[in-house]
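Numbering that gives the first Met the number 0 puts the first residue of the sequence shown at 0, with every later residue one more than the last.
Between beta-carbon pairs, the in silico distance windows are:
| id | residue 1 | residue 2 | range |
| --- | --- | --- | --- |
| 1 | Lys192 | Asp11 | 25 to 31 Å |
| 2 | Tyr48 | Glu168 | 41 to 47 Å |
| 3 | Asp11 | Leu93 | 25 to 31 Å |
Keeping only pairs whose Cα atoms sit at most 30 Å apart, straight-line, the calculated DSBU-like set for lysine-lysine is:
| id | residue 1 | residue 2 |
| --- | --- | --- |
| 4 | Lys189 | Lys244 |
| 5 | Lys177 | Lys215 |
| 6 | Lys244 | Lys177 |
| 7 | Lys192 | Lys18 |
| 8 | Lys107 | Lys189 |
| 9 | Lys47 | Lys28 |
| 10 | Lys31 | Lys107 |
| 11 | Lys28 | Lys16 |
| 12 | Lys171 | Lys215 |
| 13 | Lys16 | Lys47 |
| 14 | Lys192 | Lys23 |
| 15 | Lys107 | Lys46 |
| 16 | Lys107 | Lys18 |
| 17 | Lys171 | Lys192 |
These are computed hints drawn from the structure, not numbers from a lab. Where is the CB? At the ideal position from N, CA and C, for every residue including glycine.
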Amino acid sequence: MVDQFVQTHPFDLMSEKLKRRIFKPRYVKVQKEKKASSDMEVVRFSKKYENYGVQATLFVVIDQEDGSVVDVSYIASGPTYLIGALESIVDLSLGNSLGQMANIGAQKIDVEMRDFSHVPAFASEGDAWINFALEMVEGICLQCAKYVEMDPASFVDVPQTPVGEMNLERVKNFSWDKASQEERLSVINKVLKTDVRPYIQMDEGDIEVASLEGEKLTVRYQGACVSCPSSIGGTLSAISNILQKRIFESLEVTVDMESLNL
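Taking the hints into account, I'd like the entire structure generated from these sequences.
If you want it as structure tokens, here you go:
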């Protein structure tokens with residue numbers, strides 16, 4: 000069922016959450032107007048790039064009394080990034096107001112699909128398809144201005160914290176240069192526990208420290224991570240960024256390759 004909607008992009012550049020939603024999308028369905036109750040309206044907007052064989056339709060069910068978004072779905076044939084962007088838009092829209100849906104922007108779409116708060120879910124190749132999906136949102140909102148006091152010109156992105164400037168504070172009362180080996184390992188394990196392990200465990204994986212030699216930290220994956228190509232790509236990069244920002248900027252993070260089954 001998914002294959003008819005998906006064209007492959009390099010998956011090693013995507014977050015794990017984004018990959019899961021591309022292979023198992025939640026919101027692919029057609030909304031029929033006759034199924035909506037008398038106080039609901041089904042609004043649809045279709046967009047296509049004929050030269051690329053890309054077409055998609057976004058369906059939104061709106062409560063006519065308060066302009067709230069009751070249901071959202073889509074059908075699409077196109078690149079994987081478009082599917083991921085539409086999945087994110089539905090997540091961000093369900094149960095919210097039409098005004099909140101109108102203020103969805105590229106940053107919000109990306110953040111919704113991230114594994115780690117400061118590592119983008121979409122690669123730059125996905126920008127055009129995020130914009131494609133946002134134009135569909137704008138098309139819906141232009142049809143629904145009657146439900147809220149909203150100028151179409153307000154359908155713009157809300158400023159967000161730029162990528163790379165997320166709030167990852169340095170561990171307090173800790174100096175790498177003054178700390179003993181035991182203290183360094185203790186802090187590393189605490190950061191892994193609070194900031195890294197919860198995300199990895201979402202995919203039935205785990206991580207542990209294999210060794211620490213000077214400024215070189217070697218980690219060992221467990222569970223599902225041992226056979227995942229991103230364990231030496233995007234996931235490793237995210238872990239490195241977190242540890243460097245929270246503990247020591249020159250910390251080098253590598254993987255115990257013997258623990259992998261790639």
